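Undergrad: Chain by chain, the residues run as shown.
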Amino acid sequence: MDSELNDIEIIQRITNRDSKALETLYDRYSPVLYTLVKRIVTENNVAEEILTEVFVLIWQKSAKFDINGGNLYAWLINLTRNKALDFKRRETLQVTQEYNDEYEDNSILPVLSVHIPSNSLTKTLNSREKIYTAFNNLTEAQQYVLSLAYFDGLTESEIAKKLNIPLLTVKSKIRVALDSVKVNLAKEINND
Amino acid sequence: MIDDKKVFGLLQAKALGCLDEDENIELQNFINEGFVFPWDELGIFQNTAALLPLALQLEIPEPELKDRIALKLIKLTEELRAKKSIEEEQQKTVEPEEIIEEEIDEVVDEFSEINETFEEPPIEIETDIDPVVPNEIEDLNTPLSSDDLTFNLDDIELPGFESVTTTEPALPQNDLEALSAEPIVNTLLDEPQIATPEIEELKVADVWIEPEPIQQLINTPEIPEVKSVVETKLVEETEDQSKPDFTKKSVAEKAFKTLEQDFDRLKYHFDEHEKRLSHKLLIAYIIIGFLAALLVVFFFKFNSDIESQQKEIDFLKSRPTSFLNFIEKDFASNLFS
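Sequence order for the protein chains is V and R. Going by numbering that gives the first Met the number 0, the residue at position 113 of the first sequence is 112; the numbering climbs one at a time, nothing skipped. Going by numbering that gives the first Met the number 0, the residue at position 276 of the second sequence is 275; the numbering climbs one at a time, nothing skipped.
It should be emphasised that the hints constitute simulated quantities derived from the structure, not laboratory data. A quick note: this is a predicted structure, and the numbers were derived from the prediction, not measured. We put the beta carbon where it would ideally sit given N, CA and C, even for glycine. Take these hints with a grain of salt, some might be off.
[What the hints assert, rightly or not] Which residues of chain R face chain V? A partial, calculated answer using Cβ under 8 Å:
{"hint": "1", "residue": "Leu18"}
{"hint": "2", "residue": "Asn31"}
{"hint": "3", "residue": "Gly42"}
{"hint": "4", "residue": "Glu58"}
Chain R on its own, in the form it takes in the complex (with noise of 0.2 Å):
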């Protein structure tokens, strides 16, 4: 262990950088053991090791080096951002592999619930179904609004669109055309293994396409029972009617459609601004062509107006004593008098 006697004789040296390696270690070690290190003194050596250079001759670099540096970063900028993306593609990547695979595993989940329950009557059993539909199929059917709607196709947004997205990690996100909704789904809803095919059969249209039945059943004592089962599932057969079924049409039909929403839109604009364009110029033509005419009016008036004037005092000057000759006389004689 070094004594505070040598620390301080170690300070100079280790100011200027020079200090050798088993010295160096036995100063940190001192420092590391939290005895009192003298900083402050270390601060003014290093301080005054730091202008040794200012006692040499001052040299400037060619002015090229600024912008060499300058180019170098910004190489480096450009690689790091390019570094980043490749990662950040990379993690978009592996997420969303591992989000399909809980997803699934919430959709065994909640279809082992259903296995346990489903003991109970079909028509229960379908009542139970609906949460199991994951709800980024639910958001799809959501409309979707003007605003939304851009001419990139790489910008373009749907609804509920991003989460289908985010479970599909294999396709590329330019390629529209390959992009459905349909795998994701069959992914979602395929992959548990249920024996509970009975979902799909279990068609409401079988339970209300037969109304005779029903209508039989209205006289005996059931009917109340039998006639509230049927109402829920007419319910849910127009609730399920009323939300179109996103899930079976690809994603790409739907980026089209906006698009052909857009330029519908884009042709109503056009058409009603020519209609205001021409509309405008029609009254812009009225205009001219009454001022034109006002123009002729004015003119033939004019005209007339000083051909008569001009008649007058032809007619003035006819007379003898007209007072235009004598004014014309002293004129000419001031002028060359």
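Next up, chain V with everything else stripped away, as it sits in the complex (with noise of 0.2 Å):
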């Protein structure tokens, strides 16, 4: 399989039951997504089945990814994170809901804006520093909530429960913290 091939062209073989593109497709993303589930579930093991079945699920639903226009980058961090969040809240009881089909099409597969721009991982990887900085330049209380609400799958609520501050506070830290990194991955952009 040539690694050349681009994110659209490998889902869609993925979709024609092309073994050898899911094994690109485990080439070129398992490391982020395996950081991903490894922030989110910490334990090794762990990590590795949550991992396996996300691509089993991909193998299986990628019919559900949108090639038109799709970001394949940002469907496959949503999914794999709704996958390592939901193993979490299980394991927490915090959901109960049995895992049948039409759970997983609703509450794991990402739901995307269909206006998201085009992403692909090689192209997030070349501007990674720039990422890195953006995230950086964060305050650490800004960076706290967006850990707290990306990562553990907190809910705002949740949040504000946990940190013992106002609700208010909360949804204007989360929304100012993106807001931030969104401008500031901007201005790095701008300034190459």
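Two chains, two separate frames, one set of hints: put the complex together.
TA: Below, the structure written as structure tokens:
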């Protein structure tokens, strides 16, 4: 399988049951997806188990990805995050709903905006330093709130409860934090 | 109802997936009610949020994980296949039952139609009976082509046999011994409870076994009518005779017959091949023998030539003025000088 295939070509091939394409996708995305899962569940073997399930899911549900204008990078990241957070919530009995096909379609498969900008891992890895800088430019509080929301899967009210701060503060912090990342990234890219 | 400003304020949390349940519902309602939703903005935030994992120190999973994923996928695929095949088998067992019922209904209908017209003379009824015979049975009468013959019992496909098997749900495909056309035909023909056993009784032979009365009738003015009836009966009889009644033979027998034919064909081909091979070997032996004889002849010829040459040399040597003597002497003197 040639590794120069773009993300859309790869997912199309996976949809057509090309196992080599899945292998290419694994080679390309497994480090970032594994890192994300590991950040959420911490244990190695659990992270590996979840990553396995993620790739099985990709194999089974790749047709659900919107090939026309879709952002595979964001789709995979969100899919992996949802799966890892679902595992974590089930362990702590936060989620008791039966895991079935319908649940998977509604709660695990990501619902992305149809107008999401196109992106790919290669592109993001090339500008990884800029992304890193953009996040580091946030205040510690902003970084922490973002981390609680994104990696720990807490809702705004859960964060407020955890940090014992008003919900509105959490809301504004999250809003400002993501806005700042967006602006910082734009700045970093414009500086080049 | 939330306003546009609030919607914009919820986009970041929506993109991060940390929106509270009630707000999420509110936002969903806003979208569902057809208000203009800032999809572009949401898309940008979703893309930005997806970049967050790249701020982490990247870790590489163990190389074995790839193999484990591959194994799991293979396992899943096999499970799916097994499931599908089971479902297909179940469908197959259900469908034929329906087909049989439908066919029985059709046959019943056809027979009921016959019953309605049964007031006509028996001879004419018999001519109506022909279409009652199910198509599947008629299909069985088509001769087997040699191309269709295979050694694998599972692959054997008899013309028209497929349609018979579809009406036979309970029988396993591999169990050829269990397969028989008789019970199917019986179910097709016997189950409709028709009070017309005359169909069986109206044997054509009964009509034309008695040639004498016909001959007697030749002199009477009614001859043409009777003759035409007899002729039609004769034609039907000959047609029926020309078609072997496969419905009364077991399918297993037919299958073994085809196998026997195949074996015979193979045997014939093998014999032919052996004959050709022996013929070629014989030709090869003849050629080898001829070459050997040629070799022997040439050997003796060259031997005699050499001997005659040797004699000639000896004769020349024996002469005192022989040129060969001078050559030898000169050669020796040159060599040691």
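Undergrad: So, for every hint listed, does it hold in this structure?
TA: Here is how each hint holds up against the structure:
1. Leu18: holds (7 Å)
2. Asn31: Given a least distance of 13 Å, the restraint on Asn31/R is violated.
3. Gly42: holds (4 Å)
4. Glu58: Nearest chain V Cβ about 5 Å off; hint holds.
Against the hints set out earlier in the document, a violation occurs for number 2 only.
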